[in-house]
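Go ahead and model the full structure; you've got the sequences and the hints to work with.
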Amino acid sequence: MSWSGFKKSLNRTGTTLMQKTGQMERTVDTEFQDETTKFKTYEKECQALQKESKAYLDAMRAMTGAQTRIADHISNFYQAADRTSEGAMAAHAYKQSVVELDDVIGRELDAPYRTTIMEPIGKMNAYFPIVNEQINKRNKKLLDYDAARSKLRKVIEKPSEDPTKLPKAQQEHDDAKDVFELMNQQLIEELPQLLELRVSFFDPSFEAMIRMQSKFAEEGYEKLGGVQRYFADNVRDDYAEGQLDAQVERVLQEMRELSICGAA
Amino acid sequence: MKGMIKAVKRTPHLVTSKVGMSKKSTDPEFDDYQRKFTSMEDLVEKLLKDCKKFNEAVIALFTAGQGFSEHFSQIFHPIVGEYDLVGKFPETRDTVQNVDGLATVWGELRNAVSPELELIESRIVTPVKELQGVMKQIRKSITKRDHKLVDYDRFNNSLTKLRDKKEKTLNDEKNLFKLEQDFEVATNEYDYINTAMKNDLPRFMMLAVQFIDPLYHSFYYMQLNIFYMILEKVQGFAQGKYDVSVATAQIGQEYEEKRSDAWERIENMSITKRIISTSKMMQASRQNSTGSGSTLSATSRAPPPMRSPSGSSFTKKAPPPPPSAFGSKAADPAPPSYAASTGALASAATKRAPPPIPTKPKPKVEPPVQYVEALYDFAPQADGDLGFNRGDRIEVVQRTDSAEDWWTGRLNGQEGVFPGNYVRDV
Numbered sequence: 001m002s003w004s005g006f007k008k009s010l011n012r013t014g015t016t017l018m019q020k021t022g023q024m025e026r027t028v029d030t031e032f033q034d035e036t037t038k039f040k041t042y043e044k045e046c047q048a049l050q051k052e053s054k055a056y057l058d059a060m061r062a063m064t065g066a067q068t069r070i071a072d073h074i075s076n077f078y079q080a081a082d083r084t085s086e087g088a089m090a091a092h093a094y095k096q097s098v099v100e101l102d103d104v105i106g107r108e109l110d111a112p113y114r115t116t117i118m119e120p121i122g123k124m125n126a127y128f129p130i131v132n133e134q135i136n137k138r139n140k141k142l143l144d145y146d147a148a149r150s151k152l153r154k155v156i157e158k159p160s161e162d163p164t165k166l167p168k169a170q171q172e173h174d175d176a177k178d179v180f181e182l183m184n185q186q187l188i189e190e191l192p193q194l195l196e197l198r199v200s201f202f203d204p205s206f207e208a209m210i211r212m213q214s215k216f217a218e219e220g221y222e223k224l225g226g227v228q229r230y231f232a233d234n235v236r237d238d239y240a241e242g243q244l245d246a247q248v249e250r251v252l253q254e255m256r257e258l259s260i261c262g263a264a
Numbered sequence: 001m002k003g004m005i006k007a008v009k010r011t012p013h014l015v016t017s018k019v020g021m022s023k024k025s026t027d028p029e030f031d032d033y034q035r036k037f038t039s040m041e042d043l044v045e046k047l048l049k050d051c052k053k054f055n056e057a058v059i060a061l062f063t064a065g066q067g068f069s070e071h072f073s074q075i076f077h078p079i080v081g082e083y084d085l086v087g088k089f090p091e092t093r094d095t096v097q098n099v100d101g102l103a104t105v106w107g108e109l110r111n112a113v114s115p116e117l118e119l120i121e122s123r124i125v126t127p128v129k130e131l132q133g134v135m136k137q138i139r140k141s142i143t144k145r146d147h148k149l150v151d152y153d154r155f156n157n158s159l160t161k162l163r164d165k166k167e168k169t170l171n172d173e174k175n176l177f178k179l180e181q182d183f184e185v186a187t188n189e190y191d192y193i194n195t196a197m198k199n200d201l202p203r204f205m206m207l208a209v210q211f212i213d214p215l216y217h218s219f220y221y222m223q224l225n226i227f228y229m230i231l232e233k234v235q236g237f238a239q240g241k242y243d244v245s246v247a248t249a250q251i252g253q254e255y256e257e258k259r260s261d262a263w264e265r266i267e268n269m270s271i272t273k274r275i276i277s278t279s280k281m282m283q284a285s286r287q288n289s290t291g292s293g294s295t296l297s298a299t300s301r302a303p304p305p306m307r308s309p310s311g312s313s314f315t316k317k318a319p320p321p322p323p324s325a326f327g328s329k330a331a332d333p334a335p336p337s338y339a340a341s342t343g344a345l346a347s348a349a350t351k352r353a354p355p356p357i358p359t360k361p362k363p364k365v366e367p368p369v370q371y372v373e374a375l376y377d378f379a380p381q382a383d384g385d386l387g388f389n390r391g392d393r394i395e396v397v398q399r400t401d402s403a404e405d406w407w408t409g410r411l412n413g414q415e416g417v418f419p420g421n422y423v424r425d426v
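From first to last, the protein sequence lines stand for chains A and B. If you read the first sequence in the UniProt record's numbering, its first letter stands for residue 1, the second for the next number, and so on. If you read the second sequence in the UniProt record's numbering, its first letter stands for residue 1, the second for the next number, and so on.
Honestly, the hints are just simulated from the structure, not real lab data. The C-beta atom is built at its ideal place from N, Cα and C for all residues, glycine as well. Certain hints may be false.
To be verified - For lysine-lysine, the following PhoX-like pairs were computed, each having C-alpha atoms within a straight-line distance of at most 20 Å: (1) A:Lys38 / B:Lys6; (2) A:Lys165 / A:Lys151; (3) B:Lys280 / A:Lys137; (4) B:Lys18 / B:Lys144; (5) B:Lys258 / A:Lys123; (6) B:Lys53 / B:Lys24; (7) A:Lys123 / A:Lys51; (8) A:Lys8 / A:Lys177; (9) A:Lys140 / B:Lys280; (10) A:Lys123 / B:Lys273; (11) B:Lys161 / B:Lys24; (12) B:Lys280 / A:Lys177; (13) B:Lys129 / B:Lys49; (14) A:Lys140 / B:Lys24; (15) A:Lys158 / A:Lys168; (16) B:Lys129 / B:Lys52; (17) B:Lys148 / B:Lys23; (18) A:Lys8 / A:Lys137; (19) A:Lys8 / B:Lys280; (20) B:Lys36 / B:Lys46; (21) B:Lys178 / B:Lys9; (22) A:Lys40 / A:Lys123; (23) A:Lys54 / B:Lys24; (24) A:Lys40 / B:Lys273; (25) B:Lys273 / A:Lys137; (26) A:Lys177 / A:Lys140.
To be verified - So the derived label-pair ranges between C-beta atoms look like this: (27) A:Glu86 / B:Arg139: 27 to 33 Å; (28) A:Glu86 / B:Arg393: 34 to 40 Å; (29) A:Asn132 / B:Asn268: 17 to 23 Å; (30) B:Asp383 / A:Asn234: 46 to 52 Å.
Right, here's the structure in full:
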């Protein structure tokens with residue numbers, strides 16, 4: 001912190017203290033408080049939105065990524081057990097389709113997702129620290145203004161011997177007032193605008209999100225759906241009826257009865 | 001304790017065989033089975049791990065989907081003291097009115113997916129863990145077999161050594177007799193377990209296929225169902241409100257077109273700029289105060305670049321109509337299935353939802369990849385155009401009935417649109 005910055009912060013601490021103890025008048029500004037409250041609410045929502053949108057993208061990639069690996073393991077399992085079985089062929093088709101899916105999601109959805117979701121949200125979130133800085137600065141300038149005003153009042157109430165004191169205090173007061181009012185005015189004018197613009201700003205993202213969610217599901221469903229034709233005809237019904245689970249159980253039981261499983 | 005003694009007895013042999021001093025028998029047939037078995041152990045382990053990852057990713061996806069739509073909806077709701085967003089921003093009416101709907105959709109989806117995930121847990125993960133248990137037993141037997149082999153080898157070695165000894169002492173003779181006996185026992189034990197292995201391991205492999213078949217089929221349908229759930233819900237929601245059949249490339253493009261001047265207006269605000277110094281700011285403000293009095297500059301911005309194909313460079317042919325024509329036409333046939341099985345989700349609460357694809361055209365013939373040949377050179381004129389040279393073979397991704405239109409094609413790994421009248425069928 002620079003020397004002048006340090007001096008400023010020291011003076012301001014003094015002002016806050018005197019205001020807290022009631023020795024100095026403090027400007028009450030409900031209009032500004034209202035606007036900042038709304039702004040803070042909005043900031044929080046945007047940050048949450050950013051987190052969720054990132055999580056969604058990551059989860060999409062993680063899901064198809066995990067599927068690719070699962071398909072890989074299943075296919076390799078067939079390779080080790082019996083590479084000529086019918087299942088091995090289906091597993092191979094499955095592997096191909098999820099690899100394609102993973103590829104499509106990564107290649108085709110990633111870019112639009114970034115353009116339509118991540119970037120606008122990121123851009124909006126990048127404004128918040130700047131606006132917050134403006135708000136902080138405005139609050140500091142308000143303290144300065146309060147201090148200068150109280151000083152001026154004292155000089156007026158108790159005129160000093162020194163004739164230069166009054167004009168000097170007056171000048172300081174006017175300067176502080178100007179600075180504060182400029183910043184205050186900007187914030188009061190622009191904060192509501194910023195908030196209102198959010199609606200038009202984010203509007204097109206919504207349609208894009210729905211389209212991408214739909215696309216993701218559609219790709220997944222279609223790519224995977226094609227694998228079915230490698231299955232025997234009864235598989236689908238067997239699945240629905242829970243037959244497949246029974247098969248799994250039966251095979252596990254047979255395995256346990258093998259002599260090398262310690263059954264003998 | 002007995003095991004300890006055995007282990008101590010085996011150690012010298014293990015050392016000497018490692019350094020190549022004593023002979024070690026191998027059984028290539030068994031080794032082959034064991035190699036396969038080992039890789040299966042590894043795969044089962046990985047499969048479990050990735051099943052877990054998959055489940056986590058699905059949960060994350062649905063949670064984030066819900067979270068996103070909820071927070072998005074919050075942003076499109078009045079914030080403290082605001083009112084009538086639609087009245088103020090009529091152009092965003094659709095979004096304002098639909099944000100809640102999407103949040104509901106994802107809320108429902110999140111609820112609907114948990115039984116599906118439980119299915120994966122109980123029908124996939126649990127059996128695979130049981131398989132792992134079985135394989136651990138077999139691994140134990142393999143270890144036992146290895147020990148028996150060590151016994152066999154070490155008695156064999158000692159015996160050979162002793163037999164080869166030219167001058168045997170009395171003690172040696174006694175030992176020889178004992179060793180012969182030990183060797184016979186070891187041989188029997190080893191043969192027994194090794195034969196059992198060679199009989200049972202192939203049998204196990206066969207059973208493993210019988211195990212993975214239904215398991216993989218179940219898992220497949222569970223995965224398919226998750227996609228189907230999103231597809232059905234989101235498209236059902238979008239129906240009549242949003243056109244979701246556009247190509248992925250177009251999503252970003254249309255977004256850019258719809259992007260309003262809000263970006264620029266926010267950019268141009270004073271409060272979104274870093275403060276350089278207060279005194280400079282005051283100066284600027286004083287200079288401005290003679291003019292507008294406000295530092296806010298709401299410069300209106302030129303509309304985003306619209307795509308207008310310039311026909312000037314086409315001399316031979318009439319330029320194809322602008323590509324916007326094909327956005328609406330993308331009559332991409334929706335997956336054939338959903339109409340028939342809309343009830344699938346509702347019944348998800350029952351034991352299991354029937355998998356979504358009802359009619360199965362078994363040898364479903366994929367439309368063959370179609371190629372066209374370029375008759376002329378075509379240089380891209382805008383983003384998304386597919387450039388090519390005369391004679392190139394282009395894979396057709398999407399075409400319309402009219403050649404006076406933009407078609408979508410793929411060439412050298414790039415996808416884009418091109419005028420249909422620049423090519424001919426091959």
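Here's how the hints hold up against the structure:
1. A:Lys38 / B:Lys6: Answer violated: lysine 38 (chain A) to lysine 6 (chain B) is near 78 Å, above 20 Å.
2. A:Lys165 / A:Lys151: Holds, at about 10 Å.
3. B:Lys280 / A:Lys137: Given pair lysine 280 (chain B), lysine 137 (chain A) holds - Cα atoms ~14 Å apart, limit 20 Å.
4. B:Lys18 / B:Lys144: Cα-Cα ~19 Å, so holds.
5. B:Lys258 / A:Lys123: Judged against 20 Å, a Cα distance of about 17 Å means the pair holds.
6. B:Lys53 / B:Lys24: 43 Å, violated
7. A:Lys123 / A:Lys51: 14 Å, holds
8. A:Lys8 / A:Lys177: Holds, because 16 Å separates the two Cα atoms, which is no more than 20 Å.
9. A:Lys140 / B:Lys280: Judged against 20 Å, a Cα distance of about 17 Å means the pair holds.
10. A:Lys123 / B:Lys273: Distance ~13 Å between lysine 123 (chain A) and lysine 273 (chain B) Cα, so the pair holds.
11. B:Lys161 / B:Lys24: At roughly 14 Å apart (the allowed maximum being 20 Å), lysine 24 (chain B) and lysine 161 (chain B) satisfy the hint.
12. B:Lys280 / A:Lys177: Judged against 20 Å, a Cα distance of about 16 Å means the pair holds.
13. B:Lys129 / B:Lys49: Within the cut-off at roughly 11 Å; holds.
14. A:Lys140 / B:Lys24: Given that 20 Å is the threshold and the Cα spacing comes to 85 Å, the pair is violated.
15. A:Lys158 / A:Lys168: Holds: lysine 158 (chain A) and lysine 168 (chain A) sit about 15 Å apart, inside 20 Å.
16. B:Lys129 / B:Lys52: 12 Å, holds
17. B:Lys148 / B:Lys23: 15 Å, holds
18. A:Lys8 / A:Lys137: 12 Å, holds
19. A:Lys8 / B:Lys280: 18 Å, holds
20. B:Lys36 / B:Lys46: 15 Å, holds
21. B:Lys178 / B:Lys9: 16 Å, holds
22. A:Lys40 / A:Lys123: It holds: about 17 Å lies between the C-alpha atoms, which stays within 20 Å.
23. A:Lys54 / B:Lys24: 58 Å, violated
24. A:Lys40 / B:Lys273: 18 Å, holds
25. B:Lys273 / A:Lys137: 13 Å, holds
26. A:Lys177 / A:Lys140: 12 Å, holds
27. A:Glu86 / B:Arg139: 27 to 33 Å: 29 Å, holds
28. A:Glu86 / B:Arg393: 34 to 40 Å: 36 Å, holds
29. A:Asn132 / B:Asn268: 17 to 23 Å: About 19 Å separates the Cβ atoms of asparagine 132 (chain A) and asparagine 268 (chain B), which means 17 to 23 Å holds.
30. B:Asp383 / A:Asn234: 46 to 52 Å: Between aspartate 383 (chain B) and asparagine 234 (chain A), where Cβ atoms are some 50 Å apart, the hint holds.
Consistency note: the structure conflicts with the earlier hints numbered 1, 6, 14 and 23.
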